[in-house]
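> Now for the letters of each chain:
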Amino acid sequence: MDADAIGLLRSMLLIRAFEDALMRRPDHGFQLLSAGQEAVAVGVCAALTADDQLLTSGRSIGPALARGLDPGAVMAELLGRASGPNRGRGGRGHIADPDAGFFGAHAVVGGNLTIAAGVALALQLSGRPGIAVCVFGDGACGSGALHETLNIAALWKLPLVLVCDNNGYSIATQQAAALAPSRLADLAAPFRIPASTIDGMDVLAVRDAARAAAQRARLGEGPSFVECLSGRFSTHSTATRETRAPDELATLKARCPIRRLATRLEALGTLTADARSCLDGEVADSVAAAIAFADAAPYPDPDELLRDVV
Amino acid sequence: MSSDVPGTVKLFFREAIARALREEMAHDARVIVLGQDVGRFGGAYREFDGLYAAFGGARVRDTPVAEASIIGLGVGAAAAGLHPLVSITYMDFLMLGLDPLVNYGAKVRFKTGGRLAAPLVVKTTAGAKGQGVAHSQCLEPWLMNVPGLKVVAPSNAADAYGLLKAALRDDGPVVFVDHKRLFPTAGEVPRGETIVPIGRAAVRRRGSDVTIVTHGYMCRTADAAADRLAENGVACEIVDLRSLAPLDAETVCESVARTGALVTLEEGPTACGVGAEVACRVHEALGVRRIARVGAAPAPVSSNPVLEAACLPDAARVVAAVRRLLLS
Amino acid sequence: MISKLAVPGPIEDVEELRVLAWHGAPGTAFAPGALIVELETHKAVVEVRAARPGILRAILCEPGSWEKVGNALALFSDDPDETLPGSAAALPPWIVEFAVT
Chain A
1 MDADAIGLLR SMLLIRAFED ALMRRPDHGF QLLSAGQEAV AVGVCAALTA
51 DDQLLTSGRS IGPALARGLD PGAVMAELLG RASGPNRGRG GRGHIADPDA
101 GFFGAHAVVG GNLTIAAGVA LALQLSGRPG IAVCVFGDGA CGSGALHETL
151 NIAALWKLPL VLVCDNNGYS IATQQAAALA PSRLADLAAP FRIPASTIDG
201 MDVLAVRDAA RAAAQRARLG EGPSFVECLS GRFSTHSTAT RETRAPDELA
251 TLKARCPIRR LATRLEALGT LTADARSCLD GEVADSVAAA IAFADAAPYP
301 DPDELLRDVV
Chain B
1001 MSSDVPGTVK LFFREAIARA LREEMAHDAR VIVLGQDVGR FGGAYREFDG
1051 LYAAFGGARV RDTPVAEASI IGLGVGAAAA GLHPLVSITY MDFLMLGLDP
1101 LVNYGAKVRF KTGGRLAAPL VVKTTAGAKG QGVAHSQCLE PWLMNVPGLK
1151 VVAPSNAADA YGLLKAALRD DGPVVFVDHK RLFPTAGEVP RGETIVPIGR
1201 AAVRRRGSDV TIVTHGYMCR TADAAADRLA ENGVACEIVD LRSLAPLDAE
1251 TVCESVARTG ALVTLEEGPT ACGVGAEVAC RVHEALGVRR IARVGAAPAP
1301 VSSNPVLEAA CLPDAARVVA AVRRLLLS
Chain C
2001 MISKLAVPGP IEDVEELRVL AWHGAPGTAF APGALIVELE THKAVVEVRA
2051 ARPGILRAIL CEPGSWEKVG NALALFSDDP DETLPGSAAA LPPWIVEFAV
2101 T
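Those protein sequence lines, which keep their order, are chains A, B and C.
Heads up: the first sequence is residues 1 to 310, going by our numbering.
Heads up: the second sequence is residues 1001 to 1328, going by our numbering.
Heads up: the third sequence is residues 2001 to 2101, going by our numbering.
Do not rely on the hints blindly, as some may be mistaken.
[Stated by the list, open to error] Listed below are the simulated EDC-like cross-link pairs for lysine to aspartate or glutamate, each with C-alpha atoms no more than 20 Å apart in a straight line: (1) B:K1010 <-> C:D2013; (2) C:K2043 <-> B:D1037; (3) B:K1129 <-> C:D2013; (4) C:K2068 <-> C:D2081; (5) B:K1010 <-> B:D1049; (6) B:K1010 <-> C:E2067; (7) B:K1010 <-> C:E2040; (8) C:K2068 <-> B:E1188; (9) B:K1129 <-> C:E2067.
Keep in mind that the hints were calculated from the coordinates and are not lab data.
The whole structure should be built from the sequences, with the hints applied where relevant.
In structure tokens:
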């Protein structure tokens, strides 16, 4: 068990605590939460360097925090304040901080896939180090955009990693009712793109698979497809009803990625009770500071509506 | 911008396009071309002739028939620092790529608070020339009201050259719309490097009786109509919009303020068309009510020669519209 | 008899052509099938070939010049010494074949 594991645990704890704090507010807004899917966000980001660019779907809070964006800035953006990285204009659906290697979220299902391929093309053509990684859900796997992206990425050997964060549902529709392949990684097979299906609730497995894929991209070997089997603990969004039975949810929550890693670290003696308390305390302080920063931040002026349009 | 080299040289329309690209690709290593058959083949109209040989296959790339990903690639690459030109041979198929163009490309500057931009040119060819209902459309109006998107439409070789240079230097995204029927034409193009600014219309012909506002291939139709009307003592002023978004309402209004009458002309349908926008802007600014719109009949444009001709505006229809307006 | 070589046609979808290259000079004799001149259209090259033997006597349009179908390009005759007229206007046509490549 490596020294980084504590860091991975802290990242996941931060995401969980951040979202809990956000949801306690009446003004939380329209959100898609990452709870349950922290291991995918954190494991993928653990494979990235400062030269890489991460693109996501609308389920962006976990990835943004895992990528290292300041929690206060993220909270401000989610709450529509001008101190967010996008002046409160993007919100969760479009939050972006390219200087931090977070090219950004895009709220159109599958909409970031071809964009990510374009980012990879720019990196490849300009000879810059760095790869593009795009995280999307099983919901995007029925789209033509995925097929087109797989094709062109394979053809041009783009430095691109496609991470399918498969939580088993496209909102209320189960994978089997929406998608013909039972293993979504098989979607990459016709394009001869290396693909794997892994346990998305195991942050170390995600990190290892992401690193292998990233390395292939860095060496000029082209794209990879990593399917992470995960599960969301909340509804699809704050505007969606829950469709799962209580016992299904209970079974899922028993696989919590945070509890899983913590238990392993405790068993190995790497994480003492005191150390865990310390982590929880750090995370709580970080979240409190984020909330305070966001609450103190101004909303944008209505007069800035026409700025940066064209 | 116009360099010191005087005089003009006559070029085929396609050569004007290739020249603009060659100059910009030589100036700026970030400019690349993506699209179907743009490489060795040189483009459906040979409008990319010579670029593959000059700049190589990394910068002039053939793509599969997959407009959504071609445009998405262009948008993403632009946001990440390149200046791509994406070629969509038929404007009819631009609609397959409207999601990355409109939902990302046109919005990325705004939605990121200025952190990202998409300096991309989508070059596409509109218009009817016997190729049928799905290969004939003029869809400029679909793009004109998208905040964040610029749309330009040259009517001649010199403007194709100058506007394409401007588009390639713009912060984008810019949709550059040319026309099938412009490719057989040739025109005088400045010898020196010249840029035609986006957002400026051009008065092609001076006249005092009526202003015809048009763009693209229809400028020729307007000209032919104006010749016929001149024989009968009606003097037409023709304003070639050149840019549809932003639209140069000032030049249009300055003209209609003098003539007192406006006829808009476009090859596409009049419903919610370019002319509808021009007419409203003129009426709002000047209160002028002598306004008529000429465009295609509200039917798909068939490859059937009888039906295509019945559908599209021609000089005779423009003449009739001007006469009706001036007599009313 | 002096004849004029005119831009052949009609050529579908072509308004104007640009003279690309002459394959002879005044005094050159052309056998049937020999390539006389290449003309560029917006998408292709038109190869103009002799349909009967004859001698090129004068080139009226240099490479780079723009012409329409029917414009006079050159003067031809059977007799290399026959006097050239002042104008090409009333001359009979020099018969050629042409192919759009």
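> State for each hint whether it applies.
Okay, the hints, checked on the actual structure:
no.	hint	verdict
1	B:K1010 <-> C:D2013	holds (19 Å)
2	C:K2043 <-> B:D1037	holds (15 Å)
3	B:K1129 <-> C:D2013	holds (10 Å)
4	C:K2068 <-> C:D2081	violated (29 Å)
5	B:K1010 <-> B:D1049	holds (17 Å)
6	B:K1010 <-> C:E2067	holds (12 Å)
7	B:K1010 <-> C:E2040	holds (13 Å)
8	C:K2068 <-> B:E1188	holds (16 Å)
9	B:K1129 <-> C:E2067	violated (24 Å)
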